[in-house]
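Chemist: Since the structure of chain A is already known, use the hints to place chain B on it.
Number of protein chains: 2
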Amino acid sequence: MTDRFLAILENARTASVELARTSTTVKNAALNAVAAALIANSDRIVAANADDLARGKSNGLDDGLLDRLRLSPARVTSLADAVRDIIALPDPIGEVLRGSTLPNGLQLSQVRVPFGVVGAIYEARPNVTVDLAAILIKSGNVAVLRGGSAAESSNAVLVDVIGDALEASGLPRAAVQSIDEFGRDGAQRLMNARGYVDVLVPRGSAALISAVVSDSSVPVIETGAGVVHIFLDESADLDMANDIVHNAKTQRVGVCNALEALLVHRDAAERLLPEILARLDESGVTIHADDRTHAIFPKSVSATEADWGHEYLSMDLAVKIVDSLDDAIEHIRRYSTHHTDSIITNDMANAERFLADVDSAVVMVNASSRFTDGGEFGFGAEVGISTQKLHARGPMGLPELTSTKWIVRGNGQWRR
Amino acid sequence: MTDRFLAILENARTASVELARTSTTVKNAALNAVAAALIANSDRIVAANADDLARGKSNGLDDGLLDRLRLSPARVTSLADAVRDIIALPDPIGEVLRGSTLPNGLQLSQVRVPFGVVGAIYEARPNVTVDLAAILIKSGNVAVLRGGSAAESSNAVLVDVIGDALEASGLPRAAVQSIDEFGRDGAQRLMNARGYVDVLVPRGSAALISAVVSDSSVPVIETGAGVVHIFLDESADLDMANDIVHNAKTQRVGVCNALEALLVHRDAAERLLPEILARLDESGVTIHADDRTHAIFPKSVSATEADWGHEYLSMDLAVKIVDSLDDAIEHIRRYSTHHTDSIITNDMANAERFLADVDSAVVMVNASSRFTDGGEFGFGAEVGISTQKLHARGPMGLPELTSTKWIVRGNGQWRR
Chain A
13 MTDRFLAILE NARTASVELA RTSTTVKNAA LNAVAAALIA NSDRIVAANA DDLARGKSNG
73 LDDGLLDRLR LSPARVTSLA DAVRDIIALP DPIGEVLRGS TLPNGLQLSQ VRVPFGVVGA
133 IYEARPNVTV DLAAILIKSG NVAVLRGGSA AESSNAVLVD VIGDALEASG LPRAAVQSID
193 EFGRDGAQRL MNARGYVDVL VPRGSAALIS AVVSDSSVPV IETGAGVVHI FLDESADLDM
253 ANDIVHNAKT QRVGVCNALE ALLVHRDAAE RLLPEILARL DESGVTIHAD DRTHAIFPKS
313 VSATEADWGH EYLSMDLAVK IVDSLDDAIE HIRRYSTHHT DSIITNDMAN AERFLADVDS
373 AVVMVNASSR FTDGGEFGFG AEVGISTQKL HARGPMGLPE LTSTKWIVRG NGQWRR
Chain B
13 MTDRFLAILE NARTASVELA RTSTTVKNAA LNAVAAALIA NSDRIVAANA DDLARGKSNG
73 LDDGLLDRLR LSPARVTSLA DAVRDIIALP DPIGEVLRGS TLPNGLQLSQ VRVPFGVVGA
133 IYEARPNVTV DLAAILIKSG NVAVLRGGSA AESSNAVLVD VIGDALEASG LPRAAVQSID
193 EFGRDGAQRL MNARGYVDVL VPRGSAALIS AVVSDSSVPV IETGAGVVHI FLDESADLDM
253 ANDIVHNAKT QRVGVCNALE ALLVHRDAAE RLLPEILARL DESGVTIHAD DRTHAIFPKS
313 VSATEADWGH EYLSMDLAVK IVDSLDDAIE HIRRYSTHHT DSIITNDMAN AERFLADVDS
373 AVVMVNASSR FTDGGEFGFG AEVGISTQKL HARGPMGLPE LTSTKWIVRG NGQWRR
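Listed in order, the protein sequences are those of chains A and B.
Under the numbering used here, the first residue of the first sequence carries the number 13, and numbering increases by one thereafter.
Under the numbering used here, the first residue of the second sequence carries the number 13, and numbering increases by one thereafter.
The following block holds chain A by itself, in its conformation from the complex (with noise of 0.2 Å):
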């Protein structure tokens, strides 16, 4: 077992060396054959989703897992689809980034690379393995999945059918590989693969997160958990507080941007609560309400200590009432995730109080948190939103997939 690991990686690490070097050209030519190996392979792709389905059956696994786990045809055209939007995106790789000629004349540029190999450890979703295939292949990285027992068979025919997709484009099967053969134990190897990949991705749970955070001495770009707030300010507009605090609750409640908790200020709050808390509540939000917060709005259950700072990924909103805006900002810095945190308000003082002092990824003023999104921001692709302030921070485009190198062209300079 321990060569055939090891293999991966060398492989992995062979085939990188590729791929760092493969024009814009082949990279979206493979794209396409993987998209189009995927609608061809659609009928055995979801025969394996099957058999992944019956052994999540018979395990107990709830309805939305195995919704999140299953493999339509009509599943398989999308994913084929998605791989297409990604050949449209422009090519990271090669771009200067900063440039200079040093008095001595040493031509300095520096330049976007591929990492090389990343690691990925997801859970029981096939259609991120495409996904995280097309956006490596593209940003010229390697990849070395593990996308968790759950979906096994179906994660080994989509690698198999992208690898004979890449094959059949002049490129190296190994630059998409999976070690879920090797179950936990390869996640754990992946972790502390040094010097065979580069960097490690995990995508899923906050617990998935946090175990690979601390057991990894491969360095991770975590994608954090949302526990989003939005300050309703003194001033803020009714009508305005009231869209935007319901959208960023109801429209999505399972996504890291979905709205976790509402402060309003306390001059502010019986003019602002009893609409926007009815709204939700007709909506089917309950309320976890704060003291003053419940003495408006009966209709709510009592927050306790455990609802602050809690991501709820449901139909539940704590609400709580702060005497100021510095209340306000306190408050989030206890509790927020540091993914999103929004305020509305009419006052600009306290708007660019609120976007300097709040340290998030991204700070709104008078606009919904679903909008913290790579789609949304322009990215196209969708890697996921990055909460650690290392590398990148907020949503991540293809370019945060990269890193850079200096070349330094000379003509015999020596350092003197």
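Quick caveat, the hints were computed from the structure, so don't treat them as lab data.
Rough simulated footprint, nothing fancy, chain A against chain B, three-plus residues with beta-carbon under 8 Å:
1. 109 to 118
2. 368 to 375
3. 406 to 419
Estimated spans, in silico, between C-beta atoms of each pair:
4. Asn116(B) / Arg304(A): 30 to 40 Å
5. Arg16(B) / Ser90(A): 53 to 63 Å
6. Glu317(B) / Glu107(A): 32 to 42 Å
7. Glu364(B) / Lys69(A): 50 to 60 Å
8. Arg278(B) / Gly387(A): 46 to 56 Å
9. Asp197(B) / Ala318(A): 23 to 33 Å
10. Leu250(A) / Ile51(B): 55 to 65 Å
11. Asp279(A) / Thr37(B): 28 to 38 Å
Heads up, the beta-carbon is just placed ideally off N, CA and C, and yes, glycines get one too.
Modeler: Frame of chain A, contents of chain B only:
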């Protein structure tokens, strides 16, 4: 002990809010006050350092380590000068890196912000205490420093002097704190202080850095060892090769950008090696030669497998004859730490092949590896040279000690 350690981290967190919004003018005034305070307290600093030196001697520290530990009045003046140099550098904070207006009217901008709290772990070099404090203040960050027991007295006084100067400038004393009093346990806790420490910067030996990388759950910026290669291509000019190799190996041996391994194309070996190796030998360099090199230059010692990929940091050089450019690239891929690698050639195509295929932080043509340096690159401050691919790669200046955040300004937008 727990309480006091936690209090330090909490004070750092609080101070980071203030540092993040401190203007360039105030930060520069504080740095000026720090420089003046170092000079004014020179006697006190030198006296504390004498305690460390006496303890070091009785603990049997070697002369090299004692020298790095020593602070004379002249060295204190140099430290103050280095702080003043940082005043002149541009403030990275607030720089707008990207921006756009989305079709729905949302205005996006990505601005540079401080990391927040930066932890540093280093060894027995009190000058690093001052360097890091000044660089971190300038970049709006707060420092939590673990400088090692050998320099404990010096560091305590330096941090105290810096703290007085910060307070006199209206900045929080907690912007620069030491955790030396907690010993090794403090270092361990710092590495796991997620939520308090945003980034950790280890500076020192390869062993120290590797320990921090493997033990830390806080994101690390790795500044790595340099096993630097120069490849003399078939077409290399003798005089150019001679000057560059001599400079890269001998100008300063104990640094990460010094040459450690010389590769030579077999068809150029007889033409190039005798003169180049004789000059190195005259300068006191021991040549660790492969068999073919040894045949050309018998004054060499025989290299063993351990010589390839070894960072000597001394007057030693591994020399190997390779059969082709491909073999040189393959050798570098296998043994380089991917810090800096250089080719000496007159062949355009080979130069471009080398630049494209050698995946190191800095790749050079016809230049000495000694130029890989923040100062030489024109960055001003020397924060170290990153050999990892995440966040920063190559020489790091002030901007590499920052993160970014997205600011989104709307007028009521919500997502359809």
